[in-house]
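Undergrad: Each chain, written out:
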Amino acid sequence: MASTTLISHPQAVQQPTFSIQSPFRRTMRRLLSHRSAQIGLVLLGFIFLVALLADVISPYTYEDQIREGGVKPRATPCIHALGCEPEKPQLWMGLDSNRRDIFSRVIHGSRLSLQIGFVTTALSLIVGTLLGAIAGYAGEAIDNLIMRIMDIFQAFPSLLLAIAIVTVLGTGLINTLLAVAIVSIPGYARIVRAAVMSVKELEYINASRALGSSPLRILFTRLLPNSMTPVIIAGTLGVAGTILEAAGLSFLGLGAQPPLPEWGLMLGEERSSVFSAPHLLVFPGLAIVITVLAFNLLGDGLRDALDPRKKA
Amino acid sequence: MSQFILRRLFLLGFVVIGILAVTFALARLIPGDPCTAMLGEKATIEKCAAFNERFGLNDSIPVQFVRYVQNISRGDFGQSIKDSRNVTDIIAERLPMTIELTIFATLISAIAGVALGIVSSTRQNSAIDVAAMIFANAGVSIPIFWLGLMLAYFFAITLAGTFLQLPPSARITPGADLPNLLKLWKMEDATGFSRFGTIFLSNSYMLNAMLQGKWDIVWDAFRHLILPSVAVATVSTSIIARMTRGAMLDVFTQDYVRVARAKGLSERLVVMRHAFRNALVPIVTVIGLQFGGLLGGAVLTETTFGLPGIGTKLIDAISSRDYPVVQAFTVVIALLLVLVNLIVDVSYAYLNPRIRVQ
Chain F
1 MASTTLISHP QAVQQPTFSI QSPFRRTMRR LLSHRSAQIG LVLLGFIFLV
51 ALLADVISPY TYEDQIREGG VKPRATPCIH ALGCEPEKPQ LWMGLDSNRR
101 DIFSRVIHGS RLSLQIGFVT TALSLIVGTL LGAIAGYAGE AIDNLIMRIM
151 DIFQAFPSLL LAIAIVTVLG TGLINTLLAV AIVSIPGYAR IVRAAVMSVK
201 ELEYINASRA LGSSPLRILF TRLLPNSMTP VIIAGTLGVA GTILEAAGLS
251 FLGLGAQPPL PEWGLMLGEE RSSVFSAPHL LVFPGLAIVI TVLAFNLLGD
301 GLRDALDPRK KA
Chain B
1 MSQFILRRLF LLGFVVIGIL AVTFALARLI PGDPCTAMLG EKATIEKCAA
51 FNERFGLNDS IPVQFVRYVQ NISRGDFGQS IKDSRNVTDI IAERLPMTIE
101 LTIFATLISA IAGVALGIVS STRQNSAIDV AAMIFANAGV SIPIFWLGLM
151 LAYFFAITLA GTFLQLPPSA RITPGADLPN LLKLWKMEDA TGFSRFGTIF
201 LSNSYMLNAM LQGKWDIVWD AFRHLILPSV AVATVSTSII ARMTRGAMLD
251 VFTQDYVRVA RAKGLSERLV VMRHAFRNAL VPIVTVIGLQ FGGLLGGAVL
301 TETTFGLPGI GTKLIDAISS RDYPVVQAFT VVIALLLVLV NLIVDVSYAY
351 LNPRIRVQ
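For the record, the sequence lines run as chains F and B. Residue 312 is where the first sequence ends in the working numbering, and the numbering goes up by one at each step. Residue 358 is where the second sequence ends in the working numbering, and the numbering goes up by one at each step.
Worth flagging that the hints you see were computed from the coordinates, not collected in a lab. Quick reminder that beta carbons are idealized off the backbone N, C-alpha and C, glycines included. It cannot be assumed that every hint is accurate.
To be verified - Quick partial rundown of chain B residues pointing at chain F, CB under 10 Å, derived from the structure:
1. Phe14
2. Met206
3. Gln327
As the list claims (entries may be wrong) - Pulled a few chain B residues facing chain F out of the computed Cβ check, cut under 10 Å:
4. Gly18
5. Ile19
6. Phe200
Just chain B, same shape as in the assembly (with noise of 0.2 Å):
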């Protein structure tokens, strides 16, 4: 197992390596030399001379580059453009949002795609696993920026004054009493990992509000969370209810669970604990790789709903011509998957041991 993880590991360090030089080519084929890209209209000579200087952009290529690596390492993204602050500030602050979301996603599609394909598999062709199957192949085709739009309507009208309504916008209610918590421990000065550790709790509004006792924020921001997960984890629902039910069905003509069968167990026991827990593998991985598409539906659902989460901060950054606040998140984001690709490769390698030894 140990050496099944650190295989993993030296294959990442290459993935990690590829990820920055693709960023980092990105940012060198933005058309036109990068002061004018990022000073715009205020670029003049002397300025892109002292800019040109100021970043290292006289250097040569490699050594940019092993800059770059170095700079991200420590945790430094560099400037934003537009409003000069550090992007590893914005990141703390607009990270959290995307990850409650992502989240909030991934247990709701995990939680309702394997019940429906449970569910689906036990009473194959039924007027349930019709359904569920339609419900399946709609899921998988609906925009979810679309599906976000309407689910606001619907929630916050149409359902208007039903205990069912729901807010359609923003994280909290407008004015909620949530203080920050770089001012409330009074740590604007702190630098490095303390200082993004402290505005990254912040920002998690509901772990923020929780730590200060205010349940009633912590419900709030749930609340508010609901409909936009709910969009984003629909695609993901529709896949993992679907490998379920496929997964299900393989196991279910395995003689082993004819044998349970035989036994006369309970049909809840032979499918909870002799089917399911054989049909999890391929049911874990496709979980796992849902992450990916969940985080891009983040950045759909953020923009559709007004949440301040990396993906508006994206689109903002985009067009004001903020390079390497583009730069950085795209890094940011790319790691994060990694990360997760990493976390499920073991958790599988776990569940089935074949995998280890291939």
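Next up, chain F with everything else stripped away, as it sits in the complex (with noise of 0.2 Å):
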């Protein structure tokens, strides 16, 4: 298409409209442009508004016991716009089976959810970039030694080798962010690899190299920066997974523990009530779909975004 274009209209080469922008703009211009990112984007920023003012908009704390009105344990959900009776208490989303307001738990995890994603993904990025920086750079014996290692941490299934650790250091919130957090060091480890073997080759590298820099110095201001893509993509993806796998340990029971807001905990919780009283299992579980869905479609439009194969 763009190459017909040119050969009928020569004067269209005149006009480098996409030269103008910096790459940083042209970037946040495509993102904003990419429908998936939009979606997550909105989804995001609802979150994290939900979790800045979760104080505000719950209007129980996580831990309180609601009597008042009568109401039972495992109440279902009561709006008085919807014609619950005046005289009970407002429950959007029902009490679990201690009383607690589901609405104000399942606003609580929001933070909790969106720390255990940050901290996880920051604490495993910043470990397998380095390794994968160091393995792509040196090349050779270190290079065999660091990626033979993560391909022994690549034979367990992940969520397996997590619970192993978990097993090793006892159960609860930190430790279960340290297993996922060293689970999935080996994947952003191959991937910084990759993108550092590829720039290695590249001439600004041997130009700095013979200017005097010395390795630590072509590494950290000359290849990590130009191979900071593919890990800010799978960066992100990375939140949603590692959301999803916390999440899971603490519906083992491996992970957080009670009276935390934990959404994998409150559904681990209350999980034999399924069928007796299925709405305690309904909210939390969709908090978890709607943030993983938002950190996950925002990865896919960073993905399309910064690919510089396709033009916006």
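Join the two chains, each given in its own frame, into one complex according to the hints.
TA: Structure (structure tokens):
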């Protein structure tokens, strides 16, 4: 399409509209015009707002036990606007087995899940990037050593390895974070290594070396900044993955411990009520889906926006 | 080709030793000494001395590691602390459930994923394509343990009484008459591989029922497997669908596809013979890569549906600090995964000759 335009309208070459923008602005423009990125960003904005204003939005704390109006544990949702008796307290999502307001717990859970997602991803991203960069830049024996260790870690199903690590460290939220982070390191190391190896061959690296830059300087100021694109994409998708994985561990009872309002834990605690009181399980699950979906959509959008082969 | 397989086997040796080293190290990294960790409150100084002597914990670490490898290569995973049974027996009892679930989920995700991907790619940007890709995006974002619970409620409660009603838990209807093969064949005293094989076969309920000609139980076991398999398969189905769509769209731009169309071949023939065959390498790769995730998913889903597989036993063993069981299950699953990856590697070297020479 582009080539035919060039041939039939040579003057088109005179208007290089795309070169005026900085790469950052070009990427942002592409990202903001990308459908799934738009949806992802809106959802993320919503979730961040909820997390930020959790104390304002939620009528109770996540530990309050509600007894007013004679409500019973596992009470179904009671919304005044929909005809629920006004003497009963308004319960958007009902009560759990311990008389706690599920709405308030789901709202507060957003803070935990975002923290889990970001802290875990940051941790594994930093370690993985360093290992991958060293492996890719050093090459030979060091490369082999690092990558074979990564191979061994990847030989385990990630959830299983995380479970094994939690067994050693002991259950709890922090240990779960560590386990999920350790498990995600090889993926990032692999991506960064591949990127560094391809950038390493470019001429400006040679130029930098000829100017007398130290290997560390080349690594941190030349190689890494130019290898960041795949890392940003993988990191965004990684947040989604770690939130899911941490929720899974909490569901199994190995992660966050009661009374924390972690969504996976809420599902695990109430899973036996699925047939008698399904509303206890619907909302925490939906919260996980929306949050994870938001990061996945944004990641997809980033991948398309940062891919130079795709013209916006 | 044989050289390729040999090289893969050589690398495999390192990975296997690595897996054993990691699991060995994990057991040694458990805080506190193994004796108090395992015996708990019962640990007295005399008991610990006897314990250390019995398990050879006074030897040096390399000696212990070599013994650990030797034991595993003989199929000896030690004894469960909780109920003093051979861990190997427990593996033979629990593994079939997990494997059944994983195989069914693999089949579902491969068939549904490839079909969805092909349909989307042939009708790019149509309503079907958009719907399929929305499904694919949602599929990777749903926690499968939650999806399992929702499916269980929907098919067991909402659809109760209709022909679509499906059982939400257990492997077969309680009380179904499916004798244990170990007893049926009077092999209670068997040891070694025949014992492992018989227990394994006995707990592969569908195979067991087929062997005994009880087709109603085969059907019953199959119905019990549907919901868990669908839950486990969701993530992989989405990934495979997206991958298939991408690979097909790539191939559609190739000259030989245009030639095939120009020759006047039917669209069906172009899609299935010219495009799909050539898109198969990345598709097979991604199907193979799903296996690890499916195994992990099986662990979660077993808990959701109350199925007696590796996953439920693992969680049970962790809470009762039954470390030999945890260690053994981790080794077995990792080795299983390595084996599957080897099969995938060899099969796509077979599909794509270029990989062999690299």
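Undergrad: Please go over all the hints and tell whether each is borne out by the structure.
TA: Tested hints:
1. Phe14: Phe14 (chain B) check passes; min Cβ-Cβ to chain F is 7 Å, inside 10 Å.
2. Met206: With a minimum Cβ separation of about 23 Å from chain F (threshold 10 Å), the hint on Met206 (chain B) is violated.
3. Gln327: This hint holds: Gln327 (chain B) lies near chain F, its Cβ roughly 8 Å from the closest one there, short of 10 Å.
4. Gly18: holds (3 Å)
5. Ile19: holds (5 Å)
6. Phe200: Violated - the Cβ of Phe200 (chain B) stays beyond 10 Å from chain F, reaching only about 20 Å at its closest.
When held up to the earlier numbered hints, the structure conflicts with 2, 6 and fits the remainder.
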